[in-house]
Each structure stands twice: as C-alpha cells, then as structure tokens.
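Engineer: Residue numbers (the working numbering), protein chains in the order written: chain W, 1 to 179; chain D, 1 to 475.
For the record, the hints were derived by calculation from the structure and aren't laboratory data.
The beta-carbon is built from N, C-alpha and C at its ideal position, and this holds for glycine as well.
Be careful, since some hints might not be right.
[As the list claims (entries may be wrong)] Sample of chain D residues at the chain W side, in silico, Cβ under 7 Å: (1) Asp57; (2) Phe61; (3) Val278; (4) Gly281; (5) Ile284; (6) Pro345; (7) Thr351; (8) Pro424; (9) Glu438.
[Said to hold, decoys possible] Some chain D residues close to chain W (C-beta under 10 Å, calculated; not the full set): (10) Leu71; (11) Arg72; (12) Val185; (13) Ala189; (14) Pro191; (15) Gly211; (16) Glu215; (17) Arg234; (18) Ile237; (19) Pro274; (20) His346; (21) Arg412; (22) Gly413; (23) Arg420.
[As the list claims (entries may be wrong)] Chain W residues, not near chain D, derived (Cβ > 10 Å throughout): (24) Val43; (25) Gly51; (26) Asp73; (27) Thr76; (28) Val93; (29) Gly97; (30) Ser99; (31) Val100; (32) Ala118; (33) Tyr131; (34) Leu132; (35) Asn144; (36) Arg158.
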Amino acid sequence: MRRVFIGLIVVAVLAWLAHSWSRHSVRSPILDATVADSGAAGVKAMKLFFGAANGDSLVAESREVIEATGLHDRVTGLVAELDRGPRARGVAVLPAGTSVLRVFLDNRGLMILDLSGAFRQRFRGGASAEYLAVASLIRTIGANVPEAKQVLIICAGRPIATLGGHLPLDRPLDVSDWP
Amino acid sequence: MKRAAWIAASFLLGAFVLARASDWRSPAPGEGPEAVAVRTIEGRPYLAVNDLARLIDATKFWRADVRRLVLRTASHTIVLTAGNPFVVVDDRTFWLGDPVRSQGGEFQIPVALVDSLPADSTMARLLYDHRRARVVVLPVSGGVGSPRVTIDGAMTRLSFPADQADEAVVVTRGRERFRLRFGGVFVGALPESMPAASRVSSIRTIAAAGGSAFELMIAPDAVGYRLVQETGRRRVILEVTTAHDEGFEAFAPEIPSGERTLRVVVIDPAHGGPDAGVVAGNAIEKNLTLDLAVRLQSELERQGVRVVLTRNDDREVPAEARAELANRLNADLVLAIHFDGYVDPHARGATAFCPPATVTEDRTARGEDEAPSASGLSPSRVVMLPWRDIGTRHAVQSRALAEAVLSALELRGQGPTRLRERLPYDLLGVNAPGILLECATLTAPDDRDRVMQEEGMRQLAASIADGVSAFRRSQ
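The following block holds chain W by itself, in its conformation from the complex:
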C-alpha cells in the first residue's frame, strides 16, 4: 500500500514538471491576435533633454505621443517638443523658434540635420548655453532615433562652423560622445 502511495506521488510530480516544461516552451496563441493590432496607431514615449536650471547638466523628460511615421516627422516632432520647452523641471535651451527644414540619414548612421535660421540667429548666451543647446539636440536625437550614430548640424541649408563661437559644429557629432 505504501509503495503504491509513493509511486503515485512520484508520478504526480513528474506529470507536474512535464506540464510546467511544456507551458514554458509552448508558443503562445495570443501572438496571432497581435497582428490585428498592427494597423492601429501606437503610443510611444519620446525622451527629451532640456537644460538644468543651474546650467550644470541636462534633465530628461518623457512624453507620450502618437507614433510618427517617417524620419522627417519623427525628428520634426522631437525638435518641436524641445522648442516648446519642459513641462516639469528644466529650461528650454534650444534657441526659440528652431525647427527642422530637412533631415537625411545615410546607411552608415550619419544624420544631416538642417535647422531653420532661428537656430543661429536667435542664439543668445555663452559656452554653457551653447554646450547644452547642442547636447540637448544630440541626446534627444540619440535617445529617440537609434539609427542615428552621428549628427551633422547645418543651418538653413548651409554648413555652420559654430553656433555662438564656443563649440565647433563643422563636423558630425558622435551621438555616443554625449552620454
């Protein structure tokens, strides 16, 4: 009687383990149902970087938006949000009225970002303002457009040597250099 009882327990345990294993590796049927979701608009968090009030660093802010399709729309939306400024702490460091004219991204990850003339004309400040304006832009693009590895900022269709005379902008900036 005892042997039978122990045997039943062992069989039950083995069955339970086999059941767990099969559940662990089974393909879930709910995957198929997600196909129907693909046509709907999704919500995406965009991560924006603004200047800290004391000028020391950047502060991050997350916003949920309806996902934009296409590179131009995505980058335009990001720069527009940066221009609108933070909803919480921090300050807008991008020169007021800056917008995106054109964006190009090659297959090596080099993004050419053509900004409106306001980017240069309305810049006021010293090296800290310039550093944080560029950092805000590069970090925001880096966080939301992972395909971009380098960003070359140009203004109104023309290359610019610098924004305010403190940092060179004549070369593409590595996104990974602005962690």
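Mind docking chain D on chain W? Use the hints.
Structural biologist: Only chain D this time, still in chain W's reference frame:
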C-alpha cells in the same frame, strides 16, 4: 504513512525549487547613464511598462478587451497580458516567474523580462542591477564593467570587461596619475581598497567627454605596464610589473618637482568688434574679456612670464588668426577668456572647457626620450590626428591647467565651477596646452554685479593668475 508524507512533501519542495532555478538570474553589474527604478510588489522586483517602453524605444498598442499590451520596436514584438506570468517575445514564450500586474492603470512587469529580451543591435541592452534596485540601459558605445584585480608574483593585473576593448587607451603614463580611457560607459563598481601586494595602489573614475576614464596610482617600484586588448573576449587587461620584462612600456618619469616652463602665455580676450558676445544688463562680454585680459597680463608679467594678447582693442579677430598667433609664438599656454550667459538666472559661476584626452599623451610634448629604455621597454605608438584637433595632444596639461584655475576660483568664492572635456572652438588648431574659461556668468545677477565692480574684476584676475601659478608649480 506519516513518514511517506514527509518524503513526498520534501520531494515536491525540491522539485519546485529546481523548476524555479531556471529563472534565477546572475547579478548584473551596477550603474549606467540611464536607469529606471525597480519597484517591489509582494516582495518581487517589477518594472513599470512605460519605463520599459521608453528604454527600448517601443511603441505601445493596448487591447482593452483582452487586457493585452503589445510593445513593438523596429524589429521585435513583446506581448504582455495582465495576470499572466508568460511573455511572448517575437515567436518565443518566456516564463517570468511572477504574473504581469496592472497597478494604477499601468502594467508592472517582473524584471525577469530583461533577461528574455533579444540581444541584438536593434534593441537597447538592459541590465538588472539588483544591488541598487534598478534597470540600466547600456548606450551604443557599450559598457565597461568592474575591474578584477589579480596578483601573480611580480605582476598585478586589472581585468576590465569592456564592450569596445579596442578603444581602450592609456592617456597618461605617470605612476602617480596613470590614466586609462575606455570607449564605453562605466557600469560597474570599483574596489574600495586594493590588495596589499597590488602594485596598483588605488583607482578612481575621472570625468571624460565620452566613454569613461580611470585614474590609477601605481606603486613606485613598478617599472612597466602593458595594455592587452582582447576584442573577441570583450576584455581589457592592464598588466603592471615590477620586473624588467620584455614587451612592457615604461612609466613616464614623474614630473620634476621644479616648475613647468612658462615663457610665453597667450591670452585671448574672446569676441570683439561687431561680436559683442553675451549682453546682460550693462555688462557686455567683449569689453569685460578685454578688461580682464589686460589685468591678467599684468598679474602674469609680475611672475616673469611674457604675455601676448590676441587683441588689445575692440576689434574682431578671426579664430584662425588667434590660433596662428599662438602657434607662431610657440606659446606654452593659451587662455581663451570668456564670460558666460545662460537662459536661467540661477546658473552662475565659472566653467572651463579643455580638449578631451582622446589620444595617448605625446611624449615629445613633455620633452621625454622616445628611444627604448635600457630595460628594453618599447616606445609608445605613433598617433596621427588632424591639425584641427592638435589641441587634444595637450589634453593632460590642459586639464591640469583647468583644474588649477578652477581650484583657485573656488578658493576665492568665485564658483561654483565646472570642468567640461570638449575641444572648444577657440582652441581649434592651437598647438599648446590651453583652456576656454568662462570666468563668471553674466546672466546671474550676483556674478554680474561682482565683475562690474573694480574690486571684483581685480580679484578675478588675481585668482586666475594664482591658478596659472599653481599649474606652473605643478601643484
């Protein structure tokens, strides 16, 4: 019968533990630039789905009728269902150990999901830092992990896990300030103390423009070092030896206790002519930079240094002309003088920009011998860089200057101060140690009032001169 029940219960418990063991995670290394806090629900670590979506750059699709949330990235799909301990990642199902929960209208996901995410270049790499209860995202440049110290006879080895092992470089070779730079972000922890037999006495992190950098103190009896970059194994090993082994590089001689040579200092009063720089109230940057430059000239000339200004009046001098002047004079030091301005009046103080240490320190810049030493230790590698970036060749000296000047400003209460490693526009093509110094912030009322007064400007010039003097004395 009772005994059989005990045996059965023990067996069940053991089987349960074994089944759960497949979900145990090895502890992930520590901190990173981006991280989100992990919350504890019923004693288990959970990650908020909004945080996860942001970290992996995913779009959320919600199906209220089946309480299902789909996260979609560029090439992956993650399906989560409320109350379900399983997650579907692409075409694979993973058991999370605990159910997905819905709290306050937001899904909370067991952190086990982090280990189930695809490890490819299209998705951010996440690590669960259990010690600090957070999930960390590694940047594109990868990470640098905690160094492991091993001692083998005369050899001390520091082994760093590094995603970009080939980007590791020795920046300075002095025993007291031996600096290593990596391409990735440091996500580990440093040992609080080193073993007694270690020839590396201490290690600390220092600021770097991109990536991460460490400063080590090497024991005086160490004679050589070697940096081994194991790209395939994603590991960088620094070997320090007290024996005269072949294939090791010599440490740089310690900077002599005497003074650094300062014959010519070029001061560049920034802006000028139509370029007024920052204008805040009555303060106009181009006038203040010239005023301060003249005062600083007097202070430094009293120390017996020849000082040349790039402009003596209100005129615009192109950046190329300023660099050319410094190079023609074979300047020992270049100080680009600025005053800062920011969008918020709370920002105040001084900031120094110095070239980043992106290349190995040039030995010839310090007048050292390039020939192999008698011990057979090999010379450093040749480094090519564009003339525009020649300032990075003097990165170590420039940083020392920046630290000395900022310390002097802090000591006199002219801070707060900041140091940023970024090649400034003013130092493009300048073949000399130099810094861009934002001496005060004109948009901050306190700073502006101070520099608009005679005494404030006099003290500012004295502080900077003190900093240059400390740099000269190698302090």
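Engineer: Look at each hint and say if it fits the structure.
Structural biologist: Now the hints, each set against the structure:
| no. | hint | in the structure |
| --- | --- | --- |
| 1 | Asp57 | holds (6 Å) |
| 2 | Phe61 | holds (4 Å) |
| 3 | Val278 | holds (5 Å) |
| 4 | Gly281 | violated (13 Å) |
| 5 | Ile284 | violated (13 Å) |
| 6 | Pro345 | violated (9 Å) |
| 7 | Thr351 | holds (6 Å) |
| 8 | Pro424 | holds (6 Å) |
| 9 | Glu438 | holds (5 Å) |
| 10 | Leu71 | holds (9 Å) |
| 11 | Arg72 | holds (7 Å) |
| 12 | Val185 | holds (6 Å) |
| 13 | Ala189 | violated (18 Å) |
| 14 | Pro191 | violated (24 Å) |
| 15 | Gly211 | holds (8 Å) |
| 16 | Glu215 | violated (19 Å) |
| 17 | Arg234 | violated (17 Å) |
| 18 | Ile237 | violated (23 Å) |
| 19 | Pro274 | violated (12 Å) |
| 20 | His346 | holds (5 Å) |
| 21 | Arg412 | violated (20 Å) |
| 22 | Gly413 | violated (17 Å) |
| 23 | Arg420 | holds (6 Å) |
| 24 | Val43 | violated (5 Å) |
| 25 | Gly51 | violated (7 Å) |
| 26 | Asp73 | holds (14 Å) |
| 27 | Thr76 | holds (18 Å) |
| 28 | Val93 | violated (6 Å) |
| 29 | Gly97 | holds (14 Å) |
| 30 | Ser99 | holds (18 Å) |
| 31 | Val100 | holds (19 Å) |
| 32 | Ala118 | holds (15 Å) |
| 33 | Tyr131 | violated (6 Å) |
| 34 | Leu132 | violated (8 Å) |
| 35 | Asn144 | violated (7 Å) |
| 36 | Arg158 | holds (17 Å) |
Consistency note: the structure conflicts with the earlier hints numbered 4, 5, 6, 13, 14, 16, 17, 18, 19, 21, 22, 24, 25, 28, 33, 34 and 35.
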